[in-house]
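1 is the number of the first residue of the sequence shown in full-length UniProt numbering; add one for each residue after it.
Be aware that a few hints might be false.
Here are the simulated distance ranges between beta carbons [to be verified]:
| no. | residue 1 | residue 2 | range |
| --- | --- | --- | --- |
| 1 | Lys123 | Leu28 | 14 to 20 Å |
| 2 | Arg76 | Gly98 | 18 to 24 Å |
| 3 | Ser137 | Gln36 | 39 to 45 Å |
| 4 | Leu96 | Glu39 | 40 to 46 Å |
| 5 | Ser97 | Gln36 | 42 to 48 Å |
| 6 | Ser30 | Leu134 | 17 to 23 Å |
| 7 | Arg128 | Arg105 | 18 to 24 Å |
| 8 | Asp99 | Ile18 | 34 to 40 Å |
| 9 | Glu112 | Val91 | 17 to 23 Å |
| 10 | Arg105 | Pro125 | 19 to 25 Å |
| 11 | Gly25 | Val140 | 19 to 25 Å |
| 12 | Gly78 | Glu39 | 33 to 39 Å |
| 13 | Gly98 | Ser19 | 38 to 44 Å |
| 14 | Leu96 | Gln44 | 36 to 42 Å |
The list that follows gives simulated cross-link-like pairs (lysine-lysine, DSS-like), each with its CA atoms no further than 25 Å apart [what the hints assert, rightly or not]:
| no. | residue 1 | residue 2 |
| --- | --- | --- |
| 15 | Lys123 | Lys26 |
| 16 | Lys123 | Lys85 |
| 17 | Lys26 | Lys85 |
| 18 | Lys7 | Lys85 |
Rather than coming from a laboratory, the hints here were simulated on the basis of the structure.
Beta carbons: idealized from backbone N, C-alpha and C, even for Gly.
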Amino acid sequence: MDAIDEKIIAELTRNARISHSDLAGKVLLSRNAVRQRVERLERQGHIAGYTIVRAGHDTGTLVSALVLVYRQDRMRGGDVLAALKRIPEVVICEILSGDFDIMVRLEAASLERVRSIWEEIAKMPGVRDTVTALTLSRVVDRPRGEQGPAAAG
1 MDAIDEKIIA ELTRNARISH SDLAGKVLLS RNAVRQRVER LERQGHIAGY TIVRAGHDTG
61 TLVSALVLVY RQDRMRGGDV LAALKRIPEV VICEILSGDF DIMVRLEAAS LERVRSIWEE
121 IAKMPGVRDT VTALTLSRVV DRPRGEQGPA AAG
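Work out the full structure, taking the sequences as your base and the hints as a guide.
Dropping the structure here:
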């Protein structure tokens, strides 16, 4: 499996019913190339029906990580942002004030995929350095817009 296969699986994990045409747009391939890759992934056992099967991985739990990114030039670092937008596992990307330039939250199917994305980010032109932290547990997970009891009154 290569990086494009990983992106296809990530997109299918999010929405197993996505059309080949829509999937092609997300991974920047032709519809026919996506169809061929999906069929190959099915033959190899990575995709079984509408369920993603990844040998040696816990398919029920996503691995989360925060990657803090230092750019070479804060004001001209748009290429880094554009590249981050193309990574399907990036679920949050925020520009920060202070010491770090960008905070990226990843949710990936495996620790190996987190490592692969980290390497991809670290090699991006315009990235000076990164600091990565894996999420060990989630203490608060509120839906957007919900407020605590103090705000209710």
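To see whether the hints hold, each was checked on the structure:
Checked against the hint of 14 to 20 Å, the pair lysine 123 and leucine 28 passes, with Cβ atoms roughly 18 Å apart. At about 19 Å, the CB distance of arginine 76 to glycine 98 agrees with the hint of 18 to 24 Å. At about 40 Å, the CB distance of serine 137 to glutamine 36 agrees with the hint of 39 to 45 Å. Checked against the hint of 40 to 46 Å, the pair leucine 96 and glutamate 39 passes, with Cβ atoms roughly 42 Å apart.
One distance hint, 42 to 48 Å for the beta-carbon pair serine 97 and glutamine 36, holds here, with the actual separation near 46 Å. Against the hinted window of 17 to 23 Å, the Cβ-Cβ separation of serine 30 and leucine 134 comes to about 36 Å, which falls outside the hint. For the pair arginine 128 and arginine 105, the supplied restraint of 18 to 24 Å holds, since their beta-carbon distance comes to about 20 Å. In this structure the supplied range 34 to 40 Å holds for aspartate 99 paired with isoleucine 18, their Cβ-Cβ distance being about 38 Å.
For glutamate 112 paired with valine 91, a C-beta distance near 18 Å keeps the hint of 17 to 23 Å intact. Here the CB-CB span from arginine 105 to proline 125 is close to 22 Å, well matched to the stated 19 to 25 Å. As the Cβ distance of glycine 25 to valine 140 is approximately 35 Å, the hint placing it in 19 to 25 Å is violated. Between glycine 78 and glutamate 39 the beta carbons are some 37 Å apart, a value that agrees with the proposed interval 33 to 39 Å.
Taken as a hint, the range 38 to 44 Å holds for the pair glycine 98 and serine 19, whose Cβ atoms sit roughly 42 Å apart. Checked against the hint of 36 to 42 Å, the C-beta distance between leucine 96 and glutamine 44 comes to roughly 40 Å, which is consistent with it. Of the pairs offered as hints, the one joining lysine 123 and lysine 26 holds, with about 22 Å between alpha carbons and a cut-off of 25 Å not exceeded. Between the alpha carbons of lysine 123 and lysine 85 the distance comes to roughly 16 Å, so the proposed pair stays at or under 25 Å and holds.
Between lysine 26 and lysine 85 the alpha-carbon distance is near 11 Å, which keeps this suggested pair within the 25 Å criterion. Of the supplied pair hints, the one linking lysine 7 and lysine 85 holds, its CA atoms being roughly 13 Å apart against a limit of 25 Å.
Consistency with the previously given hints fails for numbers 6, 11, ordered from lowest to highest.
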